[in-house]
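Using the sequences and the hints given, assemble the complete structure.
These protein sequence lines map, in sequence, to chains Y and F. Taken in order, the first sequence gives residues 1 to 149; the numbers are from our numbering. Taken in order, the second sequence gives residues 1001 to 1312; the numbers are from our numbering.
No wet-lab data here; the hints were simulated from the structure. Honestly, I wouldn't trust all of these hints.
Dumping the calculated SDA-like pairs for lysine to any residue here, alpha-carbon to alpha-carbon at most 20 Å [unchecked claim]: (1) K70(Y) <-> H1056(F); (2) K70(Y) <-> E1291(F); (3) K70(Y) <-> L1025(F); (4) K70(Y) <-> L1031(F); (5) K70(Y) <-> R1300(F); (6) K40(Y) <-> L1031(F); (7) K40(Y) <-> L1025(F); (8) K1058(F) <-> N71(Y); (9) K70(Y) <-> S1051(F); (10) K40(Y) <-> S1051(F); (11) K1058(F) <-> T73(Y); (12) K70(Y) <-> T119(Y); (13) K70(Y) <-> A1024(F).
Distance ranges between label pairs, derived from CB positions [claimed, not checked]: (14) V1138(F) <-> E69(Y): 50 to 56 Å; (15) S110(Y) <-> S1296(F): 52 to 58 Å; (16) D147(Y) <-> D1232(F): 55 to 61 Å; (17) N1148(F) <-> E83(Y): 44 to 50 Å; (18) N1167(F) <-> E69(Y): 44 to 50 Å; (19) V1107(F) <-> D147(Y): 16 to 22 Å.
Idealized CB from N, CA, C, for every residue including glycine.
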Amino acid sequence: MDSARGQAITLEYVLGVAIASILIVGLVTTGASFVDQQGKQAAQAELRVIGQQLAADIEAVDRLASSAEKNTTVRIERELPREAAGGYTVRVLERANPRLNLSSDSHDVSVRIEFSNSTAVSGTALSGGQVLINYTASDELRVERGDDQ
Amino acid sequence: MADLSGRRDERAQILLLGAFALAALFVTLALILNAVIYTENLATRADSRTSDAVAHSKSVERGTVDLLEYVNEYNTTNYSHLRNELGTGFVNFTEALSRFRLTSGVVIGGTVRTEFEGTWLTQTNASRNFTNRNNTAVSWSPVNGSANGARAFRMNVTAVSASLGPNNFSVRASNGTHNWSLAVGTNDINVTDATGNTSQCSIGAAPVWINVSEGRVGGADCAPLDFGADLDTISSIEFHNADQIKGSYRLLVNNSLSDIDDPEQVDFALNSTNDGPFKEPALYGAVVGIEYQTTSLLYRSDRRVVPGEIDG
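Structure, rendered in structure tokens:
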């Protein structure tokens, strides 16, 4: 058998296992990093949607408060998903041009959502569930947790 | 792969393990993408909650405007009667609205918080001139500085004896600092706004209606005619050369009947008469409380309603 000269069965086996291992490890590593990247992008998309919903509610309360005249109370309740992006935290950055900052608890991802408003905004840190956006006689708009937390 | 054991059914185990790991990765990927689809779906849901609340408060305003116009036209005997009429009407239409809104899961409420007492200043005798009740003053002040607004001013002019010039009849509205005036001549009217600009509109032969608040003369639009334009409020109204014009007129002043200082009834009679000018109680406007509640939105607010102050 001239075609099998210089080949030991053991060598053939080792080479086969090595090539297969390299191939599989390569595929799994690439796939894992792809899934991880997709996971981050997904978390970012989810946080952006949640942030934009909250920002839309804040703007809605702001619009109603500015269209009214006096003795005005406006309150909007919003049920935000609790487990999105592997758990997350929403913070209201109180400043002249306020914005929302949402960060994921399990991915290294954070999103900043800007909104336009005419009344001052303040708020506590939230992590999903029922959220209240309150405007009362103090002429300030407050983002806070609902009763079910 | 080489077969060391000689058992052919145990070959390619690494490939199998690898394929299993990759399958698990793809299942994870599908779960992740599913979560994204869910939140993207949340983002595209229609949200018209606030526009409904605004539409509701506008309809309450419109309804209150119509109610005020109704109560000011019929049976204006005294303020408590007017208040009762307004309150009853408001409750009735709020209940009707409430039944209509309940079908879509919305609870509404409302109340009249305050009414602004006003006074109709009226002359119904179309052949009388515009002097005061005793006919002693050709230049006089129907409203003398204590008012906080006037609206619904219209005149039915049956005769004008002077053309535009120093002798014509004129109305001057003032906020204490600036004046707005309207001069009525035989052929034209002359409007001088608060900044001193003058404009004219022609009037047809008497009798002719001049609706000072709505800016119409004889049924045609007269753009410059806009009662008290550019004045923040109207605190006094003066008539000059009131003997140069004849006809009837009516205007509503934001001033309680008792605040118009005329105890001897020199300028106005206290009861409806077809002789000279008289005054009657009316409601100039009101503040209404509006409440609109859905499962996720609560909206409460007070609104000032004065007919003529809001658009359509």
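Evaluation of the provided hints:
1. K70(Y) <-> H1056(F): 17 Å, holds
2. K70(Y) <-> E1291(F): 13 Å, holds
3. K70(Y) <-> L1025(F): 58 Å, violated
4. K70(Y) <-> L1031(F): Measuring from Cα to Cα gives roughly 49 Å; hence the hint is violated.
5. K70(Y) <-> R1300(F): Between K70(Y) and R1300(F) the Cα gap is close to 9 Å, so the pair holds against 20 Å.
6. K40(Y) <-> L1031(F): Given that 20 Å is the threshold and the Cα spacing comes to 13 Å, the pair holds.
7. K40(Y) <-> L1025(F): 15 Å, holds
8. K1058(F) <-> N71(Y): With a Cα-Cα distance of about 17 Å, the restraint between K1058(F) and N71(Y) holds, given a limit of 20 Å.
9. K70(Y) <-> S1051(F): 19 Å, holds
10. K40(Y) <-> S1051(F): Cα-Cα ~36 Å, so violated.
11. K1058(F) <-> T73(Y): 17 Å, holds
12. K70(Y) <-> T119(Y): Roughly 14 Å between the alpha carbons, so the hint for K70(Y) and T119(Y) holds.
13. K70(Y) <-> A1024(F): 59 Å, violated
14. V1138(F) <-> E69(Y): 50 to 56 Å: About 43 Å separates the Cβ atoms of V1138(F) and E69(Y), which means 50 to 56 Å is violated.
15. S110(Y) <-> S1296(F): 52 to 58 Å: For S1296(F) against S110(Y), whose Cβ atoms are near 27 Å apart, the range 52 to 58 Å is violated.
16. D147(Y) <-> D1232(F): 55 to 61 Å: Violated: the Cβ-Cβ distance is about 46 Å, outside 55 to 61 Å.
17. N1148(F) <-> E83(Y): 44 to 50 Å: Given range 44 to 50 Å: violated, Cβ gap about 58 Å.
18. N1167(F) <-> E69(Y): 44 to 50 Å: About 46 Å separates the Cβ atoms of N1167(F) and E69(Y), which means 44 to 50 Å holds.
19. V1107(F) <-> D147(Y): 16 to 22 Å: Hint holds: Cβ distance 19 Å, inside 16 to 22 Å.
Violated hints for the displayed structure, listed by number in ascending order: 3, 4, 10, 13, 14, 15, 16 and 17.
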